[in-house]
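Novice: Top to bottom, those sequences are chains H and Y.
Start counting the first sequence at 1; every next residue gets the next number (our numbering).
Start counting the second sequence at 1; every next residue gets the next number (our numbering).
Source of the hints: derived by calculation from the structure; they are not laboratory data.
Please note that a few of the clues may not be correct.
Derived DSSO-like pairs (lysine-lysine); straight-line CA-CA distance at most 27 angstroms [unchecked claim]:
id	chain 1	residue 1	chain 2	residue 2
1	H	Lys103	Y	Lys44
2	H	Lys103	Y	Lys38
3	H	Lys49	Y	Lys17
4	H	Lys49	H	Lys68
5	Y	Lys44	H	Lys49
6	Y	Lys44	H	Lys52
7	H	Lys68	Y	Lys38
8	Y	Lys52	H	Lys103
9	H	Lys115	Y	Lys38
One letter stands for each residue in the lines below.
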Amino acid sequence: GNSVTQMEGPVTLSEEAFLTINCTYTATGYPSLFWYVQYPGEGLQLLLKATKADDKGSNKGFEATYRKETTSFHLEKGSVQVSDSAVYFCALSPIMIKAAGNKLTFGGGTRVLVKP
Amino acid sequence: DAMVIQNPRYQVTQFGKPVTLSCSQTLNHNVMYWYQQKSSQAPKLLFHYYDKDFNNEADTPDNFQSRRPNTSFCFLDIRSPGLGDAAMYLCATSRANLVALSSYNEQFFGPGTRLTVL
Numbered sequence: 001g002n003s004v005t006q007m008e009g010p011v012t013l014s015e016e017a018f019l020t021i022n023c024t025y026t027a028t029g030y031p032s033l034f035w036y037v038q039y040p041g042e043g044l045q046l047l048l049k050a051t052k053a054d055d056k057g058s059n060k061g062f063e064a065t066y067r068k069e070t071t072s073f074h075l076e077k078g079s080v081q082v083s084d085s086a087v088y089f090c091a092l093s094p095i096m097i098k099a100a101g102n103k104l105t106f107g108g109g110t111r112v113l114v115k116p
Numbered sequence: 001d002a003m004v005i006q007n008p009r010y011q012v013t014q015f016g017k018p019v020t021l022s023c024s025q026t027l028n029h030n031v032m033y034w035y036q037q038k039s040s041q042a043p044k045l046l047f048h049y050y051d052k053d054f055n056n057e058a059d060t061p062d063n064f065q066s067r068r069p070n071t072s073f074c075f076l077d078i079r080s081p082g083l084g085d086a087a088m089y090l091c092a093t094s095r096a097n098l099v100a101l102s103s104y105n106e107q108f109f110g111p112g113t114r115l116t117v118l
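So that you can see chain H by itself, here it is in the shape it has in the complex (with noise of 0.2 angstroms):
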């Protein structure tokens, strides 16, 4: 079945550091890949996704990569702010063959604390 895998945190950083979150995944053929956050008491908002190998994504300065060859969607950011402290979810949604709901695999979330 699928899986998705990330770094567990929580992950302390000082404001301006590069953020890394590791994610890889198991999954049979090209699923789609996705970043959620989720910021204290919240939703999950999408914060970036990708739909084939070698797609990039990036939103808000976070970038994120589709490699097929590792199965990996780190995700980066070279200079974090206080305001991104939240938990970030790894997630992957399967190939459609056929108009349906899907259900998203998402990683254990990766909780960031930025300090001032």
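Let chain H serve as the given structure and place chain Y on it in line with the hints.
Specialist: Showing chain Y alone in chain H's frame:
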């Protein structure tokens, strides 16, 4: 703005007292999902509706039910809440397109309802 709305944001109920959580959407999406999330763990899919077709996850307890009276609304009913059902409940929507199958369908999440069971 098109969005997914959940009411209430915070719900307190008593052990064993039925409770209903509400989700509405203005995105006109044909798929709606309910997730349970505990203590910043990964969300766990309970069930979803594809149009009017209900799809239950195999490990979702019978205590959890859902209704979707129309495209815009979906309800989560917990018939007899236990202490272990205290969690954040997230509603999400997506569009599944019959004409142009996409390699993904992005899910849009509501802000969640935090349920406390006393």
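Novice: All the hints need checking, so say for each whether the structure fits it.
Specialist: Comparing the hints with the structure gives:
no., hint, verdict
1, H:Lys103 x Y:Lys44, "holds (10 angstroms)"
2, H:Lys103 x Y:Lys38, "holds (18 angstroms)"
3, H:Lys49 x Y:Lys17, "violated (40 angstroms)"
4, H:Lys49 x H:Lys68, "holds (14 angstroms)"
5, Y:Lys44 x H:Lys49, "holds (20 angstroms)"
6, Y:Lys44 x H:Lys52, "holds (25 angstroms)"
7, H:Lys68 x Y:Lys38, "violated (31 angstroms)"
8, Y:Lys52 x H:Lys103, "holds (17 angstroms)"
9, H:Lys115 x Y:Lys38, "holds (25 angstroms)"
When each numbered hint is compared with the structure, violations occur for hints 3, 7.
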